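In case it helps, mature numbering (1 follows the signal peptide of the UniProt record, and there is no 0) puts the sequence shown at residues -16 to -1, 1 to 289.
Simulated from the structure, these hints should not be mistaken for lab results.
Hints are supplied without guarantee of correctness; some may be wrong.
Dumping the calculated BS3-like pairs for lysine-lysine here, alpha-carbon to alpha-carbon at most 25 Å [to be verified]: (1) 79 x 32; (2) 102 x 119; (3) 167 x 29; (4) 32 x 130; (5) 102 x 272; (6) 79 x 102; (7) 185 x 109; (8) 272 x 32; (9) 167 x 185; (10) 130 x 51; (11) 51 x 102; (12) 133 x 272; (13) 109 x 130; (14) 133 x 184.
Bear in mind the structure is a predicted one, so any value in this text is a computation, not a measurement.
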Amino acid sequence: MIFIFIYFYLITLSKSSNNYVVGNIINVKTFSDTPSVSNIVNGKKALKNEFPFMAQLYYLNDNGSPKIKCGGSLLGDRFILTAKHCLRYGLESYKVVVGHTTIISEQNQHKLYSIDEKFSFSAEKVRYLDMVILKLSESVPESEAKSAKIFSRHIRERMSMEVAGFGDTQFKGNHSEILLKTKVHLSTNPKCLIYNENWKKDNNGTVFCVEPKSDTSSCNGDSGGPVVARYRNMNYLVGVVNSGININDKKDDKNYNSSCGKDTLQYYVRVGYFLDRILDITQIPINKLTGFDSSKHIKNTLLSK
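Go ahead and model the full structure; you've got the sequences and the hints to work with.
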C-alpha cells in the first residue's frame, strides 16, 4: 500500500507525496500518491466473500490508462468510502472498480465507474479529517458487489480486526496484484497521542491507533481501504486506512517519516464516529447500513458541512 507525502501547514496540501495522513499532524508523510502503490506487508490472500464491498481507486495517466492508487469500501449501491488524501486532482481524473480481488490487468478487465460527487467530513477540534465519500455515476449491481456494514458501536481493546488492500507488500516495494489481508491490534501506547493529537486513549474518538505485533501491517497504497472487525460471524467496517508513522523518529522532529510493519504506529479513521454524517450523505436506512436498529446507534457530536 502506498503512502502519500502530505504536508500540513494551516491545512495546506503540498505537491510532494509518499505517505498516508491523519488528523492534526504537522508535516506528516502519508500512504498514497507515490509512483508505486502500497499494500499489505506480509499479508494473506483475501477472499471475495470476506470483503464483498472492496473498492479500488484508479488514477488515469496522461495516456488514459488506469493506475491503482488506493482502496475503498462500497456503501449502499452507489457510494465509496475512502481516504481524502487519495484524491489530489479533479474527479474526472479517477475511476473506481468494485467487488474484485484482483487489480486491472490484461487478464482482468474490470468495469470502471466514474465519480459524480465528493463529500467531505469534519469534526470538532479536528483540523484535517482524512476521509471522503464518493458518489458513483451509476449503481453497482448486487451481483457484482455488496455494501459494507458499518460497526456503529464502541470498539473494544481485544476486538479482532483485519485490514485489506492492494498496497505494497514491503515499504517502498511493489503493489500487490491480488487483495491481501492481515490482522491488526489496537494500541494504547502513549506515543499514539504524540504523533496524532486527535487520538483518544480508548480508541473511540475520530481515529484509532494500531501497533503491529510483528512485521505485518497496512502500507503504501492501502490508504482508503477497509479495517474490519468480526462480529456475529460477519465482517463489519470499523475503519479507513490513513497513515503509518515510524515510532523511532524523535517526537520533536515535526517531519515524521512514514513506514510499514514493525516499529510503526498505524492510524485509521473510526467510521462509526461519523455515522450520522454518512447517513445524511447516502440516505441509506440505518438498519441496512449497520445491521442494527436506530435505538442501538451511538450518537456522536459532529460538525457536519
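Hint by hint, here is what the structure shows:
no.: 1; hint: 79 x 32; verdict: holds (20 Å)
no.: 2; hint: 102 x 119; verdict: holds (6 Å)
no.: 3; hint: 167 x 29; verdict: holds (12 Å)
no.: 4; hint: 32 x 130; verdict: holds (10 Å)
no.: 5; hint: 102 x 272; verdict: holds (22 Å)
no.: 6; hint: 79 x 102; verdict: holds (13 Å)
no.: 7; hint: 185 x 109; verdict: holds (16 Å)
no.: 8; hint: 272 x 32; verdict: holds (20 Å)
no.: 9; hint: 167 x 185; verdict: holds (20 Å)
no.: 10; hint: 130 x 51; verdict: holds (24 Å)
no.: 11; hint: 51 x 102; verdict: holds (20 Å)
no.: 12; hint: 133 x 272; verdict: holds (7 Å)
no.: 13; hint: 109 x 130; verdict: violated (34 Å)
no.: 14; hint: 133 x 184; verdict: holds (24 Å)
Going down the numbered hints, you'll see the structure goes against just number 13.
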